[in-house]
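Using the sequences plus the hints, can you model the full thing?
Protein sequence lines correspond, in order, to chains A and B. Numbered per full-length UniProt numbering, the first sequence spans residues 1 to 173. Numbered per full-length UniProt numbering, the second sequence spans residues 1 to 392.
Be aware that a few hints might be false.
[Said to hold, decoys possible] Not the full set, but computed from the structure, chain A residues with beta-carbon under 10 Å of chain B:
id, residue
1, P16
2, Q19
3, D35
4, S46
5, D51
6, F106
7, R122
8, L124
9, D130
10, V138
11, V144
[Claimed, not checked] Coverage of chain B stretches by chain A, computed from C-beta distances (three or more under 8 Å per stretch; other residues unrestricted):
id, segment
12, 25 to 34
13, 59 to 66
14, 212 to 220
15, 360 to 369
Just so you know, the hints here were simulated from the structure itself, not pulled from any lab data. Built from N, CA and C at the ideal position, the CB exists for glycine as well.
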Amino acid sequence: MEPVHHDLAGGPAFEPMIQIDMEIKAFVSVWRHCDYVSTYMARMISQNRSDSVRHSNLFSSAFNELLEVVFRTRHADGELACRVSRHGATDRIELILPCVPEERRFYEEAVSQVAGIEARERYLNSVSGDLAPSREVVLLELAVDYNATLRLEEADGDAIKLVVDLPLEGLRN
Amino acid sequence: MSPYNLLPRFKAQYDANNQEFSISGVVRPQAIDELGPSIALLRDAIGRVRGVLYVNVRRLTQMNNAAFHAFSRIIIDACRARPDLKFVVITSSVVGWTSRKFGRLSGIEPNITVEEYDSEFYPGQGFLEEGGFVPILRTQTKMTWRHERAILPRHGMKPGIVMADICCGIGDFAVLVQKEFQPSRIVALDHSISSLDYARRVMREFDIRGIEYTYGDASEMLLDEAQFDLVTCRHSLQIFNRPELILKELYRICKPGGRVYITNEKNSHCLGEPRAESIRWTYNEVAKLFGHFEMDVELGPKSRRYLIEAGFEDIRVETFMVTNLDGDPQDFADVIAAWADVYAGEMASKRGDCPEFVARFRQGFQDHIFAALHPKGYAGWPIWVASGRRPQ
Ligand SMILES: C[S@@+](CC[C@H](N)C(=O)[O-])C[C@H]1O[C@@H](n2cnc3c(N)ncnc32)[C@H](O)[C@@H]1O
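Here it is, written out as structure tokens:
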């Protein structure tokens, strides 16, 4: 695992914790992969949190939603990389996934919605609405319930890189 | 456990007597039709109830947004169709995301309320959690440790094991075990945030590693099954009104072939000389006082039965007596003084005891202290240790 540094914006360096790579085709062949990967990684990275069991439960909860979104993404061939790194109370999930161009636009729009001021309201409307939660709503929920921040970064070729910061250590009930 | 296990990992139930629909476990369906039977059960429950439907999600450890939306929809629709109906969603403070996520529902429909279920089930919590009790807990553990360090290896304690200490309190026992036996990992769980804060502070200050403190409810833990070689639960079964529920959980998290180790008291057997009569009278009353608050501090000798009934085998029981002769008699006296404060103080007054009773009650503790500090005296506090093996 090579070290990752994110000081593009002069931000702090995150320490790498764990990385899982797999063929995206293999990943989307079984729904339970979302649950399995999120639970496994949550357990691994939560060991040295002040409350490992709670942290692992929350992390798995948030990460599973992300993986479910990825699962539903129309992808191009290639590798899915899931990486978790840490700086202080924040855990950073990076997902690098190959995807078709329309999907890149979906992610760009979703990320800007999440950052928008009406994120909370949009999410609440969706809870009372009739439709099953869209992928965008799932991403909104991460911001609303877990104080997550989301952004997209450049990646090679057809891939996009979704970066999600989760400050779970500081999250109270 | 196979990751591709197709068995559903959640359970939905409806209890008509209590008008309570409950769903527990991990609910992460790909498509909503996987939830068919549970959704039908909820619809059916809504059709039957009058007044209030309780929706219990205390043991729900995971639920994805798709499932959350499916269940919420039904509840929200029911509120609109039947304004006479109220919903009370019961979450647990232990599962961090549930209160937040389900809490939203009350903002959408005023007939939905969300309650975080908590400390009520442990009637004595308030009495013992006050900060003043911490030094006494430390002294108690110091006194019992002198005995238990020799006893523990007979009950499965050895270096390198993975262990859990459930109801760990301020964590002293975990720290002592870590130093003496070097297990490879200790998970220590309690439901008192202030005790855990204290335990974590100690761990930081003394740079102790290998202990993971976690906030949880011993009667429904987030810990996975079958992961510990040894599960300890000290002086705690006796404070729950339904100890068998806790034992069931201890059994669940213990590996097959691993052991569960419990310690409990039989308070009426505390003793001392001189002034034996007064001491005996008071400790008999202690047992009754705890009984009034649904705690059984006479549980010690019942440990064997509880372990058998919980399904354990190879049960081992032994007792030891903490006395004024182990270490400093003043330690013993301090512990008794602290008991007197709480038992003859807050607890007696909460039960509504009259001043005459309280005076006599207090006297027995004074006499126990007298015996402990007397140059020819003897004072004792007996503890029952029991352990059982989870069958392979
Ligand atoms: C009598 S103390 C024993 C503490 C420790 N084992 C010792 O020996 O000093 C009981 C402990 O059980 C904890 N407790 C009470 N209810 C609990 C629950 N539902 N789940 C977990 N711990 C609980 C209390 O916070 C307290 O620390």
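Status of each hint after checking the structure:
The beta carbon of A/P16 is not positioned within 10 Å of any beta carbon in chain B (closest approach about 21 Å), and the interface hint is therefore violated. Look at A/Q19: its Cβ only gets to about 19 Å from chain B, farther than 10 Å, so that hint breaks. Checking A/D35 against chain B by beta carbon gives a least distance of about 5 Å; that is within 10 Å, so the hint holds. Checking A/S46 against chain B by beta carbon gives a least distance of about 9 Å; that is within 10 Å, so the hint holds.
At a threshold of 10 Å, the smallest CB-CB gap from A/D51 to chain B is about 5 Å, leaving the interface hint in force. Look at A/F106: its Cβ only gets to about 17 Å from chain B, farther than 10 Å, so that hint breaks. The interface hint given for A/R122 is broken, as the beta carbon of that residue sits about 13 Å from the closest beta carbon of chain B, more than 10 Å. Hint status for A/L124: holds, given a least beta-carbon distance of 6 Å to chain B, under 10 Å.
The restraint placing A/D130 at the interface with chain B holds, with a minimum CB-CB distance near 7 Å, inside the 10 Å limit. Taken as an interface hint, A/V138 checks out: its beta carbon lies about 5 Å from the nearest beta carbon of chain B, inside 10 Å. Nearest Cβ of chain B to the Cβ of A/V144: about 9 Å, under the 10 Å cut. The hint holds. Residues of the segment 25 to 34 of chain B lying with their CB closer than 8 Å to a CB of chain A number 4, which satisfies the three-residue condition for coverage.
Only residues whose beta carbon comes within less than 8 Å of a beta carbon in chain A count, and the segment 59 to 66 of chain B has 5; three or more means the coverage holds. For a cut-off of 8 Å, the count of residues in the segment 212 to 220 of chain B with a CB near a CB of chain A stands at 5, and the three-residue condition holds. Check result for the segment 360 to 369 of chain B against chain A: violated, 0 residues qualifying (beta carbon to beta carbon below 8 Å, three or more required).
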